[in-house]
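Line order of the protein sequences matches chains A and B.
So that you can map any letter, position 2 of the first sequence is 306 in the working numbering, and since no number is skipped, the others follow by simple counting.
So that you can map any letter, position 235 of the second sequence is 474 in the working numbering, and since no number is skipped, the others follow by simple counting.
Please note: incorrect hints may appear among the correct ones.
Using 20 Å as the maximum straight-line C-alpha spacing, the simulated PhoX-like pairs for lysine-lysine come out as follows [what the hints assert, rightly or not]:
| id | chain 1 | residue 1 | chain 2 | residue 2 |
| --- | --- | --- | --- | --- |
| 1 | A | Lys570 | B | Lys319 |
| 2 | A | Lys556 | A | Lys502 |
| 3 | A | Lys361 | A | Lys395 |
| 4 | A | Lys399 | A | Lys488 |
| 5 | B | Lys319 | A | Lys571 |
| 6 | A | Lys399 | A | Lys514 |
| 7 | A | Lys570 | B | Lys295 |
| 8 | A | Lys514 | A | Lys570 |
| 9 | B | Lys319 | B | Lys336 |
| 10 | A | Lys375 | B | Lys356 |
| 11 | A | Lys425 | A | Lys361 |
| 12 | A | Lys478 | A | Lys488 |
Don't read these hints as lab results, they were simulated from the structure.
Values in this document were obtained by computation on a predicted structure and should not be read as measured data.
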Amino acid sequence: MNLFPSSVRITKVNKETPLVTSLVFEYPERAAPGQFVMVWVPGVDEKPMSVAFDDGKSITVSVAAVGTLSKALSEKKVGDVIGVRGPFGQKFTWKKGDRIAMLAGGYGVAPLYFAAHEAVKDGCTVDFFHGARTHEYLPFADRVEVLMNTTYYPATDDGSRGFKGTSVACWVEKMGDDYAEAQKYDLVMTCGPERMMKAVSDVAFELGIKALVSVERYMKCGFGICGNCVVDDSGITTCKKGTVMDNEEVRKIAEFGVYHRDSLGKKVNW
Amino acid sequence: MTDLSVKFCGVQFDNPLVNASGILGITGASLANVGRNGAGGVTTKSLWLSEHVGHKSPVIIANDYYMLNAVGLPDGGLEKAQSEINHFIELRREFLKDFKAGSNDAVGKNAQARKRKYLPLIANIVAGKVEDFENIAREIACLEPDIIEVNISCPNVESELGKPFACVAADAATVTRHVKKVVGNIPVTVKLSPNVEDIVSIARAVVDAGADALTLINTAGPGMAINIETRMPILTNRVGGLSGAALKPLAIKIIHDVHRALPNIPIIGTGGVLSGQDALEMMIAGATLVGIGTGIALRGVEIFDLALREMADWCEENGVEKVSDVIGTVK
Numbered sequence: 305m306n307l308f309p310s311s312v313r314i315t316k317v318n319k320e321t322p323l324v325t326s327l328v329f330e331y332p333e334r335a336a337p338g339q340f341v342m343v344w345v346p347g348v349d350e351k352p353m354s355v356a357f358d359d360g361k362s363i364t365v366s367v368a369a370v371g372t373l374s375k376a377l378s379e380k381k382v383g384d385v386i387g388v389r390g391p392f393g394q395k396f397t398w399k400k401g402d403r404i405a406m407l408a409g410g411y412g413v414a415p416l417y418f419a420a421h422e423a424v425k426d427g428c429t430v431d432f433f434h435g436a437r438t439h440e441y442l443p444f445a446d447r448v449e450v451l452m453n454t455t456y457y458p459a460t461d462d463g464s465r466g467f468k469g470t471s472v473a474c475w476v477e478k479m480g481d482d483y484a485e486a487q488k489y490d491l492v493m494t495c496g497p498e499r500m501m502k503a504v505s506d507v508a509f510e511l512g513i514k515a516l517v518s519v520e521r522y523m524k525c526g527f528g529i530c531g532n533c534v535v536d537d538s539g540i541t542t543c544k545k546g547t548v549m550d551n552e553e554v555r556k557i558a559e560f561g562v563y564h565r566d567s568l569g570k571k572v573n574w
Numbered sequence: 240m241t242d243l244s245v246k247f248c249g250v251q252f253d254n255p256l257v258n259a260s261g262i263l264g265i266t267g268a269s270l271a272n273v274g275r276n277g278a279g280g281v282t283t284k285s286l287w288l289s290e291h292v293g294h295k296s297p298v299i300i301a302n303d304y305y306m307l308n309a310v311g312l313p314d315g316g317l318e319k320a321q322s323e324i325n326h327f328i329e330l331r332r333e334f335l336k337d338f339k340a341g342s343n344d345a346v347g348k349n350a351q352a353r354k355r356k357y358l359p360l361i362a363n364i365v366a367g368k369v370e371d372f373e374n375i376a377r378e379i380a381c382l383e384p385d386i387i388e389v390n391i392s393c394p395n396v397e398s399e400l401g402k403p404f405a406c407v408a409a410d411a412a413t414v415t416r417h418v419k420k421v422v423g424n425i426p427v428t429v430k431l432s433p434n435v436e437d438i439v440s441i442a443r444a445v446v447d448a449g450a451d452a453l454t455l456i457n458t459a460g461p462g463m464a465i466n467i468e469t470r471m472p473i474l475t476n477r478v479g480g481l482s483g484a485a486l487k488p489l490a491i492k493i494i495h496d497v498h499r500a501l502p503n504i505p506i507i508g509t510g511g512v513l514s515g516q517d518a519l520e521m522m523i524a525g526a527t528l529v530g531i532g533t534g535i536a537l538r539g540v541e542i543f544d545l546a547l548r549e550m551a552d553w554c555e556e557n558g559v560e561k562v563s564d565v566i567g568t569v570k
């Protein structure tokens, strides 16, 4: 067991959008879609980040420059050293040949792109619904579009690209009147803002489709000991029992879609 | 079947294992989940009178040999404590009702973890000043925890609060006295630091000041770990309390010494307990209850269930009918 950060050197920097940057680094451990790593910028902060890709040798994380750490990461250049621990958490899983609906909100696209990339290798087909405010907030769109056996459905609040409305509304419309085409899906996966995932969880539950939901809470240790990322009322740690959870488990989380806790353990409404 | 129950300060515990303070103790639901996984009792993270901001991450790092932490005692303050403890009591009521009905939701696979009569709550309190210890103790006592544990020994808030109260016998005694006078009949255990010259004299001072029990020991050090490529200390606080397997012999020795000096004072033993055998060793040294912290990093929250099985198996193999019979039996 090594839960100390390893020093890694950045080998590649990709500007995905003006706000989103992907960092690539060689890493000794392999990560699966849905897992996360703890990324440390010495002197700044350490936070969990979804693994956006793992090519068998290097890991990619994608960050939107919105906070102190993500801004510091966005300014990193090839050759710079950062600390990384992990990977941690549960994985997105599927069966060979599954017909999957993926619902990504905003930056939740990164781990789902990775999942789609791997799932199609197992003969799965993917309908990929990706929602954002406007077309400028749809990173990875070009990469998802070119995946085999994958259909990309962008959805924007202002209608600047694809469906006008939410990704969930787009998915529901796609299934047709009275969800006539719902039976075409074996599995649903979602990652994005919690209220959006709550809507996905509700629809999947109502239709009886198995769903995997990425439930994220404020994390410090990443290995199930500090207890900052627990949920009501089950009390389980999302870093270890999640972030990817079966919808059945998610339905038991009374706070899901309602509130989460801050770094002091105080409740904060979504 | 081996009887794993123990009595601590008059409170009945179904088994001697509890979570150490600071581990999985932020919310009522988290504590209830620790109980569902087999713990005999549960301990809150240190509760402050008002909001207290902890250190920036990284705050916890670990490897096979040890863990270093400087979380910095973050807490939401009294209102949060009230809401979480009340939530715990509500969940505990459901939990115990389910056990009686026989359709419980315990995670533990073995009979020892499932045989439940009660799930005592240990409320751990902390403050920077003596008056605030008194104030938080008074408020927390109103919530009727089964035991109050007083944290005067955290090694990683020194830059903010100065040397811990547990490092000076007179200071440790003063805090104890102020807490004791406002908590009525609730037993008080004081958590001491191993980072002192003569822990027995501090234990004695605390007991003379009215402590009903002692929690031995808090983390050691503090220690430091440096990332050699960046030459930066890994913990943002630079230093942090040392715990894990290597802490156990230190804890065993201290528990042994204090138990010899004060044989009538019950002890919550903590420090490097990773298995049922470790817990038994600590009890033989003199502990009545045994706290598990870092062990959860290695074996998951399932460690309570696993360690209980290990304890029960050992007792059976060694002809021990009641685990409480081993307490303080070191020769």
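Going through the hints against the structure:
no. : hint                : in the structure
1   : A:Lys570 - B:Lys319 : holds, 7 Å
2   : A:Lys556 - A:Lys502 : holds, 12 Å
3   : A:Lys361 - A:Lys395 : holds, 18 Å
4   : A:Lys399 - A:Lys488 : holds, 15 Å
5   : B:Lys319 - A:Lys571 : holds, 9 Å
6   : A:Lys399 - A:Lys514 : holds, 12 Å
7   : A:Lys570 - B:Lys295 : holds, 17 Å
8   : A:Lys514 - A:Lys570 : violated, 32 Å
9   : B:Lys319 - B:Lys336 : violated, 26 Å
10  : A:Lys375 - B:Lys356 : violated, 52 Å
11  : A:Lys425 - A:Lys361 : holds, 18 Å
12  : A:Lys478 - A:Lys488 : holds, 11 Å
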